[in-house]
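Chemist: Each chain, letter by letter, is given below.
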Amino acid sequence: MDFLKVLKSWPADRVHRLIEAAGPEDVSRALAREQLSVEDLAALLSPQAAARLEEMARLAHRLTRRQFGRTIGLYVPIYLSNICGADCTYCFYAVQSGGHGARRTLTPDEIRRECEALARHGFQTVLLLTGDAPQAAPLDYLARAVAIAREYFASVSVEVYALSEEGYRRLVDRGLEGVTLYMETYDRDTYARVHRRGQKQDFVYRLDAIERAGRAGARRLSIGALLGLFDWRLEVFWMALHARYLQKECWQSAVSVSFPRLRNAPPRHSILHPVSDRELVQLMLALRLFLPEVGFNLSTRERADLRDRLIPLGVTMMSAGSSTRPGGYALGEETLAQFETEDQRSPEEVAAAIRRAGYDPVWKDFDRAFCETQQFQEENIFAHGEQL
Amino acid sequence: MNQGNQVSESPQKLISQINNLTTDDPLVIAGRAFRSRFMVGTGKFPSAEALRAALAASGAEIVTVALRRVDLAKPQTDSIMSVLDPGRHLILPNTSGARTAEEAVRLARMARAMGLMPWVKLELTPEPKYLLPDPVETLRAAEMLIKEGFVVLPYIQADPVLAKRLEELGTATVMPLGAPIGSNRGVRTRDMIRIIIEQSKVPVVVDAGLGAPSHAAEAMEMGADAVLVNTALADAADHGGMAQAFAMAVIAGRLAYRAGLGPVREEAAASSPLTGFLE
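Taken in order, these protein sequences are the chains called A and B. Residues 1 to 388 (this note's numbering) make up the first sequence, in order. Residues 1001 to 1279 (this note's numbering) make up the second sequence, in order.
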């Protein structure tokens, strides 16, 4: 529960000064080092490093290949509910954003139909999402959803509102592998400005949530900053510190990072700090050199052509064929979407693009046998019987 | 005559011929004899074709697969399982990613229930960053699996006492690491591996960290019974070529070990002995 202390020791002006002070020789030194210091990270996030992208890319490519091989994991999100009690100015799920489309929470039977549709594509790794609404999707509901999804997929993760450690433990006991929780922004003032209602307003409770998930036994911990809310150089610096902190505190969990860019926002929210493609590449490379063992998730928020080119630059997991609407795979109802995806290719097309890039698309990288639940035992008997 | 082309056209034949140099010297694990002392891991390859090329050129008979990664229910569509030939390869499932003995045991049972041989490469790697083995859980899992009739090949830190403890429990081999998985750093644990080889009554397989054929040769020259390589093959530009190079290095190292290497000298041997006056 000490990441707040770490964060407080790196206030925006201190990080800003460090980044501004970096000269070309600092970038050179960072590129020559085997293990990077926070000063090196700042140098690689600085404008000075923008001229060294090709060198950084070569190093990042080599480090990623050594750690992860030439493989890309495939996953798909399942939106369980678009009912949301928070008011995030940038999000289409917020009531105050004035979005159209039906709001609903999937029933257990509907969750099954979504799972069946996705399992037919070959997915073995799914991410279950809800809005920030414990009323619409309480813990019991989440536990049931995890148990259902586990009947269909080897790996189930959640991206839901921040839970207590006990809450996460209940989901882990039902077979949950991973927890994704984006801080959105690590800048406290910006955080307060864009989050206007609900439990999500509690900055510290959200900041500590991913560590609670790790202590509860989640094996994959995924963090992220929503790029566009604040200066990306600072956001990425803080996120990198957070990842390194989690690697030490939750040493049995694999840490991964996401860098979603806010591309479209509701009319009331103007994107103050847009991030260009070139800047996105720079921040990915800086992160990879600082954190060689951390996974990189790349969602369908990004364009298909850009995603294909980012594959060799450190990406380890990609979503494919995603819908951000509850029921978007099997129910055929025009429910409200969280955001419009840019890469609308089918999972098969994305897998083919990964192969064309010289990588092996990996559908399965976990196994039900890791977790023992009542359900597992029943399934195992079934699977064995089927084989006979 | 173009030797280079001949080699690349029939790597399998070449390695088979080279393996014949040591037919009188098989690797015996749990009573089963193997001609090849080169084991191959199947992770991280860019495609099924790349893996196929590496396996063919390696001449490997023992091939390890991560149970977390492969889909044993649908082997025909799995990019790893579809390449393996149960007639030629002993498929050695590994429990990579298991954090506790119980998890490793469950994975091993699952593999056996799905029809694999009851052999298991025990990998208790609770931390995902360096994938280092947990000695406490490894010992516990080995005991549980041996009781259930599994042939156990444990991946361990290069710890000579742990190696003896596992041998006493009845593991079929010990598999100490040369360096962290994927690091390509070579036999960094050389001094401890030397002690393990000296003391061990079961085959010693140097696993992890071997990044170049010279590293494999070094381990074999020291008297290791076999080596296991994965990342160096998966990451090569020419997967078959690199597998062949490793296979040859493994044989060369073995032959050198059997031939008896001379001691390494720090200075030239003195031409007039210091104790000559005693004659």
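Keep in mind that the hints were calculated from the coordinates and are not lab data. Think of the CB as a built atom: it goes at the ideal place given N, C-alpha and C, for glycine as much as any other residue. Heads up, a few of these hints could be off.
Unchecked claim - Sample of chain B residues with no beta-carbon within 10 Å of chain A, all distances over it, derived:
hint, residue
1, K1013
2, R1052
3, R1069
4, D1071
5, H1089
6, P1128
7, D1159
Stated by the list, open to error - Simulated coverage check for chain A against chain B, where a stretch passes if three residues somewhere in it have a Cβ under 8 Å from a Cβ of chain B:
hint, region
8, 59-72
9, 352-360
To be verified - Some, not all, of what chain B presents toward chain A, calculated at C-beta under 10 Å:
hint, residue
10, R1032
11, P1046
12, A1048
13, A1066
14, D1078
15, E1103
16, M1110
17, Y1130
18, A1234
19, D1238
20, G1241
21, S1272
22, L1274
Chemist: Each of the hints needs a verdict: does it hold here or not?
Modeler: Hints, one by one, checked against the model:
1. K1013: For K1013 (chain B), whose nearest Cβ neighbour in chain A is about 28 Å away, the distance exceeds 10 Å, so it holds.
2. R1052: Holds, because the least Cβ-Cβ distance between R1052 (chain B) and chain A comes to about 12 Å, which exceeds 10 Å.
3. R1069: violated, 6 Å
4. D1071: violated, 5 Å
5. H1089: holds, 19 Å
6. P1128: The assertion about P1128 (chain B) is violated, with a minimum of 4 Å to chain A.
7. D1159: holds, 20 Å
8. 59-72: Holds: 7 residues of the region 59-72 of chain A have a Cβ under 8 Å from chain B.
9. 352-360: holds (count 4)
10. R1032: violated, 25 Å
11. P1046: holds, 4 Å
12. A1048: holds, 8 Å
13. A1066: Holds - the Cβ of A1066 (chain B) comes within 10 Å of chain A, reaching about 8 Å at its closest.
14. D1078: holds, 8 Å
15. E1103: At about 5 Å, which falls below the 10 Å cut-off, the nearest Cβ of chain A leaves the hint on E1103 (chain B) intact, so it holds.
16. M1110: Interface hint status for M1110 (chain B): holds (4 Å vs cutoff 10 Å).
17. Y1130: Check passed: Cβ of Y1130 (chain B) comes within 8 Å of chain A, closer than 10 Å.
18. A1234: holds, 5 Å
19. D1238: violated, 13 Å
20. G1241: violated, 16 Å
21. S1272: Hint on S1272 (chain B): violated, closest Cβ of chain A at ~48 Å, above 10 Å.
22. L1274: Violated - the Cβ of L1274 (chain B) stays beyond 10 Å from chain A, reaching only about 45 Å at its closest.
Consistency with the previously given hints fails for numbers 3, 4, 6, 10, 19, 20, 21, 22, ordered from lowest to highest.
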